[in-house]
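Model the full assembly from the supplied sequences, consistent with the hints where possible.
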Amino acid sequence: MSTELEKPQTTTAAAGHRLPGRESADRKQVTQGRWAYTLLAPSLILLAIVIIYPVINAIVMSFQKDSGLDPATGFFSEGGPAGFDNYIHWLLQQCTAPGGGTVACPPGTLGAQFWDSMGTTFFFTVVTVAFETVLGFWMAIIMARAFRGRSLIRAAVLVPWAIPTAVTAKLWFFIFAFEGIANKLFGTQILWTGSEWPAKWAIIIADVWKTTPFMALLILAGLQLIPDEVYEAAKVDGASTWQRFRLITLPLVKPALMVAILFRVLDALRMYDLPAIMTQGANGTTTLSILVVQQIRQGFNTAAALSTITFIVIFLVAFIFVRFLGANAVDAATTSGKAK
Amino acid sequence: MSTATASRTSTERTERPKRPFNWGSFRTYISAVIILVWCLAPFYWMVVTAFREVGYTFDTTPFFTHVTWDNFTTVFDESLGNHFGKNLLNSLIVGAVTTVVALVVGVFAAYALARLNFRFKFVVLGFILGASMFPGVALVTPLFQLFTNIGWFGTYQALIIPNISFVLPLTVYTLTSFFREMPWELEEAARIDGCTQGQAFRKVILPLAAPATFTTAILAFIASWNEFLIASQLSNDATKTVTVAIAYFAGAQPHQEPYTAVMAAGTVVTIPLVILVLVFQRKIVAGLTAGAVK
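So the protein sequences, as listed, match chains A and B. The opening residue of the first sequence carries number 1 in our numbering; numbering runs sequentially from there. The opening residue of the second sequence carries number 1 in our numbering; numbering runs sequentially from there.
None of these hints come from the bench; they were simulated from the model. No false leads were mixed into what you were given.
Cβ-Cβ distance ranges computed for the label pairs, FRET-style:
| # | chain 1 | residue 1 | chain 2 | residue 2 | range |
| --- | --- | --- | --- | --- | --- |
| 1 | B | Thr73 | A | Leu92 | 53 to 59 Å |
| 2 | B | Ser79 | A | Leu92 | 48 to 54 Å |
| 3 | A | Ile52 | B | Tyr248 | 31 to 37 Å |
For each residue, glycine too, the CB sits at the ideal point set by N, CA and C.
Written out as structure tokens, the structure reads:
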């Protein structure tokens, strides 16, 4: 890692202080700063338009009532400020009762599904990422070895990654059809996408198939940074294979692993394509993203509140990862460089 | 996972002269075959089914039997209400425009992030990285209303603009890590020879950066091509993309899933990507893992 330190433009800026003797870096930084922001401006402005504007818009919308028939009065309501009503609607699963006031949302309505879909989303996230980490680590270890046909494997793992998720969903929907190959192969007669737990597992398997390669490649890149000499030295010192894995491989690959897990967790939390296509969210597979999309047709502002909640949940998870688990993707990016 | 496998990871990374048969490498090959089958079998099954007669949809013969082109004809047959050719074109337009915009804009940002010293670089990078992880649903709701209000619903820009929100960060991030590894001494040399920083960028660095830019373009295009959530909400019949078309593909019988036709459609959409990925395998792996890990 010492090679990185020789790159002043990355390390010094990231650390926020400069080492003495760096050929007048201060003066250089002032002129470079203006030039840098000129170059950055188009990207930052574009991102502000496509992300920050819609987000602010959504937050504003989430504090508005949806126009439509007011269940309390039976008259058409124009909307208007709603305070935190939309958030209370989701978080406490409170719906407006026909005679005014609020009651618990009746089962079957979208409002009654909030905590269920939150649970489903986190269940999918934890289970898929756990499988992907273990499988991905194993694949990475195999791919890191030298053997004939290694490049064939590295090419093969890119195939599931390249297939569009929508096609993946249809493909696994076919595999898990009642008369499909999965049932015939295992001699089972399971209605995979038609009942709760099989549907969940069908989606998990499809997701693991699709995204493990990404995980494996990120971990592989991390593995390749570990110098052979470290292993040689440990061998000389008499470390067992298990000790070498636990005391060398794991700690040294940890930064890469944590970033890979962070990426996958954030991706899994917004899962939409697979359940939307394979089950349409039926049988307990409604994720937060699916719930938002279903709500859009029933009322923008209530949907905006839900999408804001989703955004905050994902943001909090990312924050926890970066702050407490050391998955610092920005750090990894700023101090990166060619290690080999 | 066996413990012996772990330690071999890097010690055997470099090619060694052939040795007598050993169980370690035998196990490696078994694992390699398992990975190969796991990754390719479902894809293979899609292609096999795509070429199978409808009557043999659920045939379990593991190789090509009852081969026919009919499914591909069905895919492009417009009498069932599908417009697959049009959908392909839509995906191509949305993907190409998104990629070009993201690259043209992102290449400058990446240069600044990789090469220049400035305040709040850390913050800017964090923002861009955060943007790439941004949930699509948080955009769909406000954009759905906005585009409906200004009459953009069902236009190409209604798909391109949200796509930029995740393709541009991806582009900037990937390019930044590529740019960091380029031989920048040449830029210094050009400066000494009297080029301005702008000229050095245009005349020396840009040609050098072409391969990295090309790889990033592939990644950006794939990301846009594969997008489903936004396209399923913000497109109509005129701008529907292939991923949406495949998800809601109409068959001849109303309540019967046209499996073989859908697999054929999936094959049409996937084969170009798979070829692209296999040809540029090394570059793509480098691009995928760039920055995040190295």
